[in-house]
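Following this note's numbering, the residues of the sequence shown are numbered contiguously, the last one being 334.
Bear in mind the hints are in silico, worked out from the structure with no lab data behind them. What you are looking at is a predicted structure, and each value in this text was computed from that prediction instead of being measured. One or more hints might be untrue.
Think about it this way: if two alpha-carbon atoms lie no more than 16 Å apart in a straight line, the pair counts; the simulated EDC-like pairs of lysine to aspartate or glutamate are [said to hold, decoys possible]: (1) Lys122 to Glu188; (2) Lys111 to Asp302; (3) Lys67 to Asp132; (4) Lys122 to Asp163; (5) Lys37 to Glu27; (6) Lys111 to Asp327; (7) Lys31 to Glu323; (8) Lys111 to Glu183; (9) Lys111 to Asp301; (10) Lys31 to Asp299; (11) Lys219 to Asp163; (12) Lys219 to Glu162; (13) Lys37 to Glu26; (14) Lys31 to Glu316; (15) Lys31 to Asp327; (16) Lys219 to Asp46.
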Amino acid sequence: MLGQTVRVLSVDGGGIRGIIPALILEELERKLTRRGKAPVFSRLFDLMAGTSTGGLIVLGLACPGEKAGRRVLPRYTPADLSRFYRDRGADIFPFRRFNALRAMSQAFTDKYDYRGYEVLLKENFGDATLRDGLCPLLVTSYDINRGLPHFFKHRPGGRYWEDLNFRMADAARATSAAPTFFEPAVVESLGPEVRRFYLVDGSMVANNPALIAYSEARKLYPGALRYVIISLGTGILPRRFSYLDVRRWGYLDWVSPSKDVPLLSEYSQGQSAAVEHMLNRMPRVSFHRLNVPLHQGSDMDDARPESLDALIRATEEYLRVSEPLVDAAVRDLW
Numbered sequence: 001m002l003g004q005t006v007r008v009l010s011v012d013g014g015g016i017r018g019i020i021p022a023l024i025l026e027e028l029e030r031k032l033t034r035r036g037k038a039p040v041f042s043r044l045f046d047l048m049a050g051t052s053t054g055g056l057i058v059l060g061l062a063c064p065g066e067k068a069g070r071r072v073l074p075r076y077t078p079a080d081l082s083r084f085y086r087d088r089g090a091d092i093f094p095f096r097r098f099n100a101l102r103a104m105s106q107a108f109t110d111k112y113d114y115r116g117y118e119v120l121l122k123e124n125f126g127d128a129t130l131r132d133g134l135c136p137l138l139v140t141s142y143d144i145n146r147g148l149p150h151f152f153k154h155r156p157g158g159r160y161w162e163d164l165n166f167r168m169a170d171a172a173r174a175t176s177a178a179p180t181f182f183e184p185a186v187v188e189s190l191g192p193e194v195r196r197f198y199l200v201d202g203s204m205v206a207n208n209p210a211l212i213a214y215s216e217a218r219k220l221y222p223g224a225l226r227y228v229i230i231s232l233g234t235g236i237l238p239r240r241f242s243y244l245d246v247r248r249w250g251y252l253d254w255v256s257p258s259k260d261v262p263l264l265s266e267y268s269q270g271q272s273a274a275v276e277h278m279l280n281r282m283p284r285v286s287f288h289r290l291n292v293p294l295h296q297g298s299d300m301d302d303a304r305p306e307s308l309d310a311l312i313r314a315t316e317e318y319l320r321v322s323e324p325l326v327d328a329a330v331r332d333l334w
């Protein structure tokens, strides 16, 4: 990559709101195709990174599928991924009534049973492993035993002997094991060295993994002339908390599920803004942040059809009014 441009895709966490970056990827695919460059994202990008639902997206784009001549096609396209959120979102986050009681129970136990979710991930990723990935990958999680970030990595070429191999389904489970929603994931690396890890959602490390992805790209391609980073968010929430709201809050208010866990949501938005600020000022970096303002609150686990329809409409509106931003990203990918 000496003297060349390195292209990086980074996708945020955000639960069911992962349908937003999936739809944006569909639009990027359409625009690139119109320019005569029908993209396979696992070949277009030199590194793909994701957190939580973003981890599921990049793993899906890199998961090997059918062969086309000498090449292996990805198992999933952006359209497949957006369809997954529409068709299977309610299987991950089943809606139940009596929301006040459900929110209260979430203070004492996990909100959802992880077992059905694990079956769904195995169904969609099969036996594919990170080393089967069609491009370099970085997927975030957090090791609760060691108190350290854990990064699932696929770095081709055999130079990185220290990288452990995992099933893609296990990496997907770990990166999206959001505290209070799912139990921590217990995953084991594949041989010859088998190690066990106890992991939770990558948002504990970086809900927006773009800066970590840039650091990894610098290691993988130190001689690159330029780094193009396409960073996809999962929606800008309209909810804000005023001083009058929070001045009398205690611990339970800051972690209340009925308030969408303000401690986590504010941390995630602040971290993402800091990442955007830094990458916009990095030398030799062309940073494109595409994120959708939401006109109403949308919980990360609200998979009801009407809520998904609202997310789709908001994304379509954003793609219309922000077409110059999208076109600028396409030109850099061209």
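Taking the hints in turn, this is what the structure says about them:
1. Lys122 to Glu188: Judged against 16 Å, a Cα distance of about 15 Å means the pair holds.
2. Lys111 to Asp302: Holds, because 12 Å separates the two Cα atoms, which is no more than 16 Å.
3. Lys67 to Asp132: holds (13 Å)
4. Lys122 to Asp163: violated (22 Å)
5. Lys37 to Glu27: holds (13 Å)
6. Lys111 to Asp327: Between Lys111 and Asp327 the Cα gap is close to 40 Å, so the pair fails against 16 Å, i.e. violated.
7. Lys31 to Glu323: It holds: about 10 Å lies between the C-alpha atoms, which stays within 16 Å.
8. Lys111 to Glu183: holds (9 Å)
9. Lys111 to Asp301: Given pair Lys111, Asp301 holds - Cα atoms ~10 Å apart, limit 16 Å.
10. Lys31 to Asp299: violated (30 Å)
11. Lys219 to Asp163: Distance of about 14 Å is within 16 Å: holds.
12. Lys219 to Glu162: holds (15 Å)
13. Lys37 to Glu26: holds (14 Å)
14. Lys31 to Glu316: Holds. Lys31 to Glu316 sits at ~14 Å (cutoff 16 Å).
15. Lys31 to Asp327: Given pair Lys31, Asp327 holds - Cα atoms ~8 Å apart, limit 16 Å.
16. Lys219 to Asp46: holds (12 Å)
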